[in-house]
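With the hints as extra help, turn the sequences into a complete structure.
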Amino acid sequence: MRLTVRVWRQATPTGAGRFETHSVEGLEPSMSVLELLDKMNHDIALEGGEPVVFESDCREGICGACGIVVNGRPHGPIKRTPACHQRLSSFADGSTVTIEPFRSGAYPVIGDLMVERAGLTEIMQAGGHVQVAAGTAPEADQDRITYSEAEEALDFAACIGCGACVAACPNGSANLFLGAKLAHLAKLPIPAAERGSRAAAMVEEADRIFGPCSLHGECAEVCPAGIPLVAVSWVNRERLRRGVLGRDS
Amino acid sequence: MTAKKAGVRPGTVLDPAEPDGPRDTAWQRAKDGYRIVSPLNRRKFSVIVVGTGLAGAGAAATLAELGYDVTSVTYHDTPRRAHSVAAQGGINAARAKKVDNDSISRFVTDTVKGGDFRGRESEAFRLAEESARVIDHMNAIGAPFAREYGGSLNTRSFGGVQVSRTYYTRGQTGQQLQVAAASDLARQVRAGRVKQYVRHEMVDLIVKDGRACGVVVRSLLTGELKPLMAHAVVLATGGYGNIYFRSTLAKNSNASASWRAHRRGAHMAMPSFIQFHPTALPISSEWQSKTILMSESLRNDGRIWVPKDPADARPANDIPEEDRDYYLERKYPAFGNLTPRDVASRAAKEQIDSGHGVGPLKNSVYLDFRDAIARLGKKEIAARYGNLFHMYTDATGEDPYTVPMRIAPGAHFTMGGLWADYQLQTSIPGLFVAGEAGFSYHGANRLGANSLLSACVDGFFTIPYTVPNYLADKLGQELVSTDDPAVTQAMEDSYARFDRLLAIGGTRPPRDFHRDLGEVLYAGCGVARTKKGLMEAIAKIRAIRADFYRDLHIAGPVDRVNQELEYAGRVEDYLELAELMCVDALEREESCGAHFREEYRSETGEAKRDDSTWAAILAWGTDSWEGTPAFIRHVEPLNFDAVPLVVRDYR
Chain A
1 MRLTVRVWRQ ATPTGAGRFE THSVEGLEPS MSVLELLDKM NHDIALEGGE
51 PVVFESDCRE GICGACGIVV NGRPHGPIKR TPACHQRLSS FADGSTVTIE
101 PFRSGAYPVI GDLMVERAGL TEIMQAGGHV QVAAGTAPEA DQDRITYSEA
151 EEALDFAACI GCGACVAACP NGSANLFLGA KLAHLAKLPI PAAERGSRAA
201 AMVEEADRIF GPCSLHGECA EVCPAGIPLV AVSWVNRERL RRGVLGRDS
Chain B
1 MTAKKAGVRP GTVLDPAEPD GPRDTAWQRA KDGYRIVSPL NRRKFSVIVV
51 GTGLAGAGAA ATLAELGYDV TSVTYHDTPR RAHSVAAQGG INAARAKKVD
101 NDSISRFVTD TVKGGDFRGR ESEAFRLAEE SARVIDHMNA IGAPFAREYG
151 GSLNTRSFGG VQVSRTYYTR GQTGQQLQVA AASDLARQVR AGRVKQYVRH
201 EMVDLIVKDG RACGVVVRSL LTGELKPLMA HAVVLATGGY GNIYFRSTLA
251 KNSNASASWR AHRRGAHMAM PSFIQFHPTA LPISSEWQSK TILMSESLRN
301 DGRIWVPKDP ADARPANDIP EEDRDYYLER KYPAFGNLTP RDVASRAAKE
351 QIDSGHGVGP LKNSVYLDFR DAIARLGKKE IAARYGNLFH MYTDATGEDP
401 YTVPMRIAPG AHFTMGGLWA DYQLQTSIPG LFVAGEAGFS YHGANRLGAN
451 SLLSACVDGF FTIPYTVPNY LADKLGQELV STDDPAVTQA MEDSYARFDR
501 LLAIGGTRPP RDFHRDLGEV LYAGCGVART KKGLMEAIAK IRAIRADFYR
551 DLHIAGPVDR VNQELEYAGR VEDYLELAEL MCVDALEREE SCGAHFREEY
601 RSETGEAKRD DSTWAAILAW GTDSWEGTPA FIRHVEPLNF DAVPLVVRDY
651 R
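Line by line, the protein sequences are chains A and B. Going left to right, the first sequence walks through residues 1 to 249 as this note's numbering numbers them. Going left to right, the second sequence walks through residues 1 to 651 as this note's numbering numbers them.
None of these hints come from the bench; they were simulated from the model. The structure presented is a predicted model; accordingly, all values stated were derived computationally and were not measured. Cβ atoms here follow ideal geometry from the backbone N, Cα and C, with glycine treated the same way. Certain hints may be false.
What the hints assert, rightly or not - Restraint ranges, calculated between C-beta atoms of paired labels, are given here:
# : chain 1 : residue 1 : chain 2 : residue 2 : range
1 : A       : 152       : B       : 377       : 20 to 26 Å
2 : A       : 92        : B       : 101       : 40 to 46 Å
3 : B       : 374       : A       : 138       : 38 to 44 Å
4 : A       : 72        : B       : 192       : 39 to 45 Å
5 : A       : 29        : B       : 162       : 42 to 48 Å
6 : B       : 101       : A       : 249       : 38 to 44 Å
7 : A       : 217       : B       : 429       : 34 to 40 Å
8 : A       : 21        : B       : 625       : 42 to 48 Å
What the hints assert, rightly or not - Among the chain B residues that face chain A by a calculated CB cut under 7 Å, a handful are:
#  : residue
9  : 86
10 : 104
11 : 149
Following this line, the structure appears as structure tokens:
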């Protein structure tokens, strides 16, 4: 198949950007949108141009490195699917596909489709961890976590950190990411021992870097890990809990 | 054992510095003998850890927690994306909590035997012993392991093992462990105990007076080169399976840090031991960038088969029972679909090569859940493998609940890597290696779910003992100055390297050479090898290397993000390592584990080891890459004490 690709080009973080149009031929419907970029970049390199910069790594939907806006949607047209699993079968042969970087004030463009998502790491550094030094952990079977509690923790722990939730949010809020992390750790006995101070630190950091949430719900629609929208409620839940109880666990 | 092939010279006999005496207590005796650094002196020692996967994040976080001055380097934008994140199935631990008769000694037997007696027995004991602590630690720092209804940890079975010792979190075990380990590291970064360099790649190792004293890193955003100095360096940079172009690895995983360390004198052990994962998805288009991996745990319930008649073109569900060949169950009744990976991969290749392959390109075999769904119900299968089934549907457009999956062997885990002694120290003092980047534990074949375990044990529970043992007598020793000739030389070499690549000015992008190399390696040094095939592969690799230096084209400048230049550096290293892999495979005149030389097989067609000659680790030095390379073959003899040498038999 053949596609016309309108792709965002921006050489430097401060430089002006523009759309560039390429016609890409010899495509298969089973290729991913990242493989479309691979093929397009190959053509560009052979013609002496500069290939489009974009990020990807595992291409198995788990590392969270990839993230682009395809036809206006973070990751692409198929709901809750990462860019590396978005297939060209979504597009009609001969149609035009627009590819841009994730759009958010908190994601400065580094070059072309590559953006800086370090704010998510900063939230994790603020409190997304557990104060247990190697060698000091209690026996794991002594935590009596029921099957359903462990499963619920896993539902939230599935977040791959791609940051599409932020790119989809009209407010640029990271509350789906943040809430998923708070819920995951609050549901496990040892991590829960620090849930109050964790919530205070992480929420403060998220508010500083990203915007507040006004429950548009766009985040959950694009989340490739299927994090449920209820995760955003955990942000206020944990913040209030800390405020009311004033203690950790 | 004499080196006799062209370009191969005999080297030294290597000493793994294992503790004497019984191996089941060796780790405790080793630790008792290790020196330690007192808490107040630890901050006077700097350690660089390259890589932030389970081994790297674990080592950096733990050394920092102990009080050392730690610098952590990763080419990712954030540590959590390291490739450990992609492991699906699980992590083994010899906790022996169940009554299925598991034990430390059984773990060691499975591991040593699974590795076809080409790994160190002593290290399998360390792995088993620390496995209990690893589960406790990862559980405590936030990995939500699967639980039984009563609340205790759940386990499942994996290939090559007849007990249930694999701990897991759905099909995302690697992700959950990696996120927990990266969080552990994040805590140390925020506390100011780790200096973190993200989006930096290691381009060289700095060695002075025979000791590792730093690394040269390059910013992937600005191209700036910079020396980082330390008293010890830990490489935890993962495996090099990507050398095959299409592999199950993340696209950015590479060999460069290991290979640059090798070029500075660190021996490379067993580079040809590559595991081909039996449950990868087959290639379906030319531009497919990798082979997608399905968890091996699928083999717990899925049955593997092909049509008995190669000409049978009926859809899978129309082929009746009597016309199907469940070849693993037929050939290996005791282990059936749970045979170890090398055996399952080789059996699949035999079926495909003999024309029994299925799918449009006849390049795959069926993995069928029909019987399991009939027995357990769709709901139970969905609970066990739901996300994997979803992923399969995503990738192929087929519904595995109603038609069998199609799978094929794909290049996966590298058992080979930098040679290291029992302390995980390479042949360069002060340079340590952890996780898949190193050679250890796995022998000629890795058992499923031993990879996450070995990375965690190395990072959290081995490096924190062995690095201090190295540092303890160096109190008061200043860091090497960045003005030192050793440093300026390494910097000049690094600048010269990138200038040289940029100056070639040819017509072909680096990916083209990589693609060609991958085809040569799959054909010549893949699931099965022959002398003739390896000789041909070496000749072709040399031709590709010559082409590379004549016709490489790199678009874009050196001083901002340039993914083509990064890629070219990777390919340059692969082109050298690939030749060494073939030399290693050619030298080893036997079949063992993942290394199957067709010339060496038993009457029943199985791999045939030659223990009298090849019960040994080959660790290579190389030289003269500017002309005709020379290969120096060092040897570490292996001996087995707790697990007597036996023929692997999964029938």
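How the hints compare with the structure:
1. A/152 / B/377: 20 to 26 Å: The hinted range 20 to 26 Å holds for residue 152 of chain A and residue 377 of chain B, with Cβ atoms some 23 Å apart.
2. A/92 / B/101: 40 to 46 Å: Violated: the Cβ-Cβ distance is about 59 Å, outside 40 to 46 Å.
3. B/374 / A/138: 38 to 44 Å: Between residue 374 of chain B and residue 138 of chain A, where Cβ atoms are some 42 Å apart, the hint holds.
4. A/72 / B/192: 39 to 45 Å: holds, 42 Å
5. A/29 / B/162: 42 to 48 Å: Given range 42 to 48 Å: holds, Cβ gap about 43 Å.
6. B/101 / A/249: 38 to 44 Å: holds, 39 Å
7. A/217 / B/429: 34 to 40 Å: Hint violated: Cβ distance 58 Å, outside 34 to 40 Å.
8. A/21 / B/625: 42 to 48 Å: holds, 43 Å
9. 86: holds, 5 Å
10. 104: Constraint on residue 104 of chain B not satisfied, violated at 17 Å.
11. 149: Check passed: Cβ of residue 149 of chain B comes within 5 Å of chain A, closer than 7 Å.
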